[in-house]
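We have chain A already, so just place chain B with the ligands on it with the hints.
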Amino acid sequence: MTSFCTTTAARPAPEPSVVLADCRPLGIYVHVPFCSSTCDFCAFYQETPARGDFDRYLDGVERELELAAIDEPVATVFWGGGTPGLLPPSALRRLGELLRARLPSPPAEWTVEMTPSSVKEEKLAALREIGVTRISLGAQSFQPRLLEALGRLHPRERIFEAVDKIRRAGFASLNLDLIFSIPGQSLDEWRADLDEATALGPDHLSTYCLTFEEDTALYVKLSQGRVSMDMEKEVSFLREAECRLAAAGYRQYEISNYARPGAECAHNLNTWGMHRWIGIGPAAASQDRGWRGANPAGLDLWLDKLAAGERAGEDRVLLTPDLLAADSLVFGLRMNAGVEVGRVAARFGVLFPDDLERRLREWEGDDLLERDGDRIKLTAGGRLVADRLGAELLEILG
Amino acid sequence: MDLKHIRNFCIIAHVDHGKTTLSDRLLEHTATVTQRELKAQHLDSMDLERERGITIKCHPVSMIYRDKEGEKYFLNLIDTPGHVDFSYEVSRSLAACEGALLLIDASQGVEAQTVANAQLAFNQNLKVIPVINKIDLPSANLEMVTRQLEDILAIPAEEAILASGKSGIGIDEIFEAVAHRLPSPRLADYPATRALVFDCNFDTYKGVICYVRVFSGTIRVGQHMLMMSDKVKMEVKEVGFFSPAPVKTHELGPGRVGYVVTNIKSVADIKIGDTITGADKPAAEMLPGYKEVRPMVFSGIYPIDTSDYEKLKASLSRLRLNDASLIYQSESSVALGFGFRCGFLGLLHMEIVQERIRREYDVDIILTYPSVIYRVVQAGQGSIEIDNPVHMPDPSHIDEILEPTIRAIIHTPVDSVGDVLSLIMDKRGICEHTETLDETRLMLRCVLPLNEILVDFYDRLKSITHGYGSMDYELAEYQPSDLVKLDILVNSEPVDAFSSIVHRSKAEHKGRALCAKLAEIIPQQLFKIPVQAAVGGKVVARETISALRKDVTAKCYGGDITRKRKLLEKQKEGKKRMKQVGRVSIPQEAFVQVLRAQ
Ligand SMILES: Nc1nc2c(ncn2[C@@H]2O[C@H](COP(=O)(O)OP(=O)(O)O)[C@@H](O)[C@H]2O)c(=O)[nH]1
Ligand code: SF4
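Protein chains in written order, with our numbering: chain A, 1117 to 1514; chain B, 72 to 669.
Okay, chain A solo, but in the shape it has when bound (with noise of 0.2 Å):
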């Protein structure tokens, strides 16, 4: 087995299991698309609210959720954005209401992400008495430097006064998000930001190489040639991670991943065992009922399909059996449990082709990929290509 890691961290216990096909897991996510302001690298779809918006986006949100006819326990749930903290506490009470009054049991998890400026102990309160389990809090970088490289308004500070309230709040589990790889940012920056988040102690950490996506500020300056792309650096950087976080007791499970034992994100997990999962509000995904589709990115976009009683409409797809087991293989590469093959076959009542075996084999002489029996998984040199690897696997099973 490669490694990065030169540090002794000693050797992490088992890893989780991905395989949940048994109890087939429904997963909510509801998209909040409002943001004060947008951040430098964002590319998500999210607006600033004018006034209400907040009223029009949750009267639309209890009509998506009458159309999903939700008839099935919930595992989990999942509020992303945007910035669902930006909502008052009002409306996260009403957000809130509106879910638990469709689901016949509270689910096990349940996430919302703030960003530190919008973490209020109301808002904290009115989350609490909903039933949300776990904060994912936007903190990016603890340097000034790079909080404003990189278009966040808010003070290091704010991050730590964020976390103090979310743990007096009384919430189980919390996410620290960081961003690495930020134009101009140093190596010893990177493990400034990933010590003083891990000396937060937070359960669950998910680190994110900056990506240049087109139609962001950063995007434009990159194209301008302000700011420049670095791939050695990225490598640098994302083994930084690995090994840092391995050594402060943090198990990465996924490529941005990473968990104390037991507290990863079922839902993403969820996602990636290529289960079923409902998006609810403007530009949410959905894979549930044989389909995989999306809802239009544009508050009033999605109100209007909403009236004429359509939801997940664009970019629809049909879950055949050999599209499922494609992407089994796919994204479950992506978790370092890896996946396993022959149960993905089987699950979805597939024959994977022989080219498959042959360039598993050879993946393996490259060492990018370790087998372990019927359970293939990458090593950290194939993570860092995981992208490369999808494409092939798409190739070879059409």
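Hints are computed from structural coordinates only; laboratory data are not their basis.
Heads up, a few of these hints could be off.
As the list claims (entries may be wrong) - Listing some non-contacts, in silico: residues in chain A with all C-beta distances to chain B over 10 Å:
1. ASP1156
2. SER1234
3. GLU1478
4. GLY1506
Stated by the list, open to error - Calculated lysine to any residue pairs in the SDA-like style (CA-CA distance at most 20 Å, straight line):
5. B/LYS635 x A/GLU1356
6. A/LYS1493 x A/GLY1458
7. B/LYS588 x B/PRO565
8. B/LYS637 x A/GLY1458
9. B/LYS637 x A/ALA1159
10. B/LYS635 x A/GLY1458
11. B/LYS626 x A/LEU1513
12. B/LYS237 x B/LEU98
13. B/LYS581 x B/LEU597
14. B/LYS650 x A/TYR1324
15. B/LYS641 x A/TYR1324
16. B/LYS647 x A/GLU1329
17. B/LYS308 x B/ARG252
18. B/LYS621 x A/GLU1356
19. A/LYS1493 x B/LYS626
20. B/LYS650 x B/LYS581
Only a predicted model underlies this, so the values are computations on that prediction, with no experimental measurement involved.
Built from N, CA and C at the ideal position, the CB exists for glycine as well.
Only chain B with the ligands this time, still in chain A's reference frame:
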């Protein structure tokens, strides 16, 4: 029509010296065509010809001219292809004439092609009428041009007519000279029918149309004739001349120029330069100068999209309908799939064919390195001819390799002569003779290996001389040369499309350049890839493409799945368009870039 009143002539000139303009003016002057028709006719001509300012094919035109005394003359203007690749065709067109107008641009003076064409005309014993053209230009330098006429071409300056095709100066004088200075048709009293086929064309309705010059006898509709080179019999279906539209007649008598339609269906069955004679009373000898033309330059043409193979095949066969000098046969390449090995008269011919396939038949193609025909003498087994590096025998079986050379005339400004000489040396050439054209220009006569001028010689000459240099060449003999086959290996697999035959002294340099180029354009893959150049199994250059370091996006949640899948699908589509060499995927673009870069 009596012989005394027939004149057959052509116009020869360096490109851009005004041949087309002058021809048009002559037609207009004799009211053969109107201004309006001229435009229409121009629009009809192939884009490519017009773009490059060269004429590939144009039929002869007959004009009626009344001289100053009121005598009526029948003038036949025969077009000559404007490029050295077609020098045999040029020589056949000249052979159909008694005289030539030698056009010289008054501001440019004598150029390489002027000299070469004039030599061809003299060799055919044509009466040459020098015409100094474009004298309306303020930059016209009559003194320079007249001196060049005498010094370089040995033509008395007083024979020159000052003209401008554009403004119409000297047109009358040109007509008078054609009528009175040129001899009437020769070889007319030979005791049998003889007509020279100097060109042919394919017409969808009529089939093959031969352009002929009758020397003796008469060709009539319904007659049985014989092609003398291969004794093929045929029946005459139609005869006529161009004015410029085809005009049907019953017969073509001695001295006449026109067309003959027979029952022959394919231009491939017509040999340019052949003699047509009567089947019942055949001539004893052919007209002089017939030669079988053979392609000089070979290259593989492959469709970029392999599914275009049939389309490419169809376009080649249609091109061949009208271009007997294009030959092709199917071949396959490990790297490029199925395609065709094609033979061309020369580089321009190759370029024209390639462009026409792209433009007229809309097939995206890629060409492998052009190659000449090498003679490989094998130990104890005699010699073989090779036009594809892939067929080169093992070096241990080779006694000697001979390569074709050319004799070139190069004109260069004096300032650039040093650079031109080093270019010639770089291309393994020898400069045998230097002549002064005027205070600013020199003429070099040199011998160069044909394979060295295949690719970038002309472009480099042009760039060294800031556009003022010019060149013309003819084929010369084969010479022994220390040639080797250079192979390119990607991840230890030879890529046949990149193989080439080069002089040993250049193998390493070229190998290095190729490896570097490939290392630059083959995208990184999941593993490390060595790129090597080898001669006879010995590696002479090497580069390594390091393995891809990072290709992964951080975020991939529910909403990202569709987006990510689309992205991966796109990557996968991109890969489909790549050629697989062993485990390495080489983008089609890399082949195009490498093959074009050389
Ligand atoms: N000033 C001037 N320009 C001319 C004359 N004849 C041709 N040209 C120009 O020279 C260029 C080349 O003419 P063209 O007849 O196409 O030359 P070709 O390549 O020899 O057929 C064109 O731009 C013509 O307009 C002339 O008598 N005087
Ligand atoms: S807070 Fe999040 S969603 Fe909003 S602009 Fe910033 S990165 Fe984008």
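Handout entry: Pairwise hint evaluation, B/LEU98 against B/LYS237, where the allowed Cα distance is 20 Å at most
Key = Given pair B/LYS237, B/LEU98 holds - Cα atoms ~13 Å apart, limit 20 Å.
Practice task
Compare the distance between the alpha carbons of B/LYS581 and B/LEU597 with 20 Å, and conclude whether the hinted pair is satisfied.
Solution key: Measuring from Cα to Cα gives roughly 28 Å; hence the hint is violated.
Problem - Pairwise hint evaluation, A/ALA1159 against B/LYS637, where the allowed Cα distance is 20 Å at most - result: Satisfied, since the Cα-Cα distance of roughly 17 Å is no more than 20 Å.
Exercise for the section: Verify the proposed pairing of B/LYS626 with A/LEU1513, using a straight-line Cα cut of 20 Å. Expected result: 23 Å, violated
Practice task
Would you check the hint for B/LYS635 and A/GLU1356, treating anything up to 20 Å between C-alpha atoms as holding?
Solution key: Violated, because 25 Å separates the two Cα atoms, which is more than 20 Å.
Handout entry: Least C-beta distance from A/GLY1506 to chain B larger than 10 Å
Key = 5 Å, violated
Problem - Proposed proximity, B/LYS626 with A/LYS1493 (alpha carbon, max 20 Å) - result: Holds, because 19 Å separates the two Cα atoms, which is no more than 20 Å.
Practice task
Sort out whether A/GLY1458 lies within 20 Å of A/LYS1493, counting only the CA atoms.
Solution key: With Cα atoms ~14 Å apart, A/LYS1493 and A/GLY1458 stay inside 20 Å; holds.
Exercise for the section: Please work out if B/LYS650 and B/LYS581 have their alpha carbons no farther apart than 20 Å. Expected result: 23 Å, violated
Problem - Straight-line alpha-carbon gap B/LYS588 to B/PRO565, limit 20 Å - result: Roughly 16 Å separates the two Cα atoms, so the pair holds.
Practice task
Examine each Cβ of chain B, and state whether all of them lie more than 10 Å from the Cβ of A/GLU1478.
Solution key: Violated, since 7 Å does not exceed 10 Å.
Handout entry: Given hint A/GLU1356 paired with B/LYS621 - CA-CA distance at most 20 Å
Key = 15 Å, holds
Going down the numbered hints, you'll see the structure goes against 3, 4, 5, 8, 10, 11, 13, 14, 15, 16, 17 and 20, while the others check out.
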